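Asks: Sequence:
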Amino acid sequence: MGKKRFGISIDSKISAELNNIASSLNINRSKIVEMALQNYITEYKHLLSRHSCRGIIIIKNVNNISFDKILENYRNIIVNYIHSHMEDECVCIMFVSGDSEHINNLNKHLITCGCLTRYIPTHQNQSST
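Residue numbers (this note's numbering): 1 to 129.
It should be emphasised that the hints constitute simulated quantities derived from the structure, not laboratory data. Keep in mind the model is a prediction, meaning the values are calculated, not measured. There may be inaccurate statements among the hints.
With a Cα cut of at most 25 Å, we get these calculated SDA-like pairs of lysine to any residue [unchecked claim]:
(1) Lys69 <-> Thr42
(2) Lys108 <-> Asn73
(3) Lys69 <-> Ile57
(4) Lys31 <-> Ser49
(5) Lys4 <-> Ile57
(6) Lys45 <-> Phe6
(7) Lys108 <-> His85
(8) Lys69 <-> Glu101
(9) Lys3 <-> Gln38
(10) Lys45 <-> Asn107
(11) Lys69 <-> Val33
(12) Lys4 <-> Thr42
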């Protein structure tokens, strides 16, 4: 599989940070952008079609909301849940498995509550590849 060249425009601050990271890691900017895009595609590919899905939702609970009601509403897809405090920050990790639409709804619900989230699928969606 070959490489495809294309141009992008990014904020100058992001460009400077990209240059610093490339220099620190001793790799070129193209490789960093390629790695970042691959991560982005892997994380969000599950949105393309409804399917059975498993993954991890990492949550920074910036508003210190109670998760009891959320856990109850989504108990059919939450396999396990870890709640931890690191200094003054509340961080949670949810292991989820089930219908991708339900997992996306859980993620949206958390974001609506003011949480910062990141969903990481732990499998490849075979129907979208």
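Asks: State for each hint whether it applies.
Replies: Verification of the supplied hints:
no. : hint             : in the structure
1   : Lys69 <-> Thr42  : violated, 30 Å
2   : Lys108 <-> Asn73 : holds, 13 Å
3   : Lys69 <-> Ile57  : holds, 17 Å
4   : Lys31 <-> Ser49  : violated, 28 Å
5   : Lys4 <-> Ile57   : violated, 32 Å
6   : Lys45 <-> Phe6   : holds, 22 Å
7   : Lys108 <-> His85 : holds, 23 Å
8   : Lys69 <-> Glu101 : holds, 19 Å
9   : Lys3 <-> Gln38   : holds, 14 Å
10  : Lys45 <-> Asn107 : holds, 15 Å
11  : Lys69 <-> Val33  : violated, 39 Å
12  : Lys4 <-> Thr42   : holds, 19 Å
The structure is inconsistent with the numbered hints 1, 4, 5 and 11, although it conforms to all the rest.
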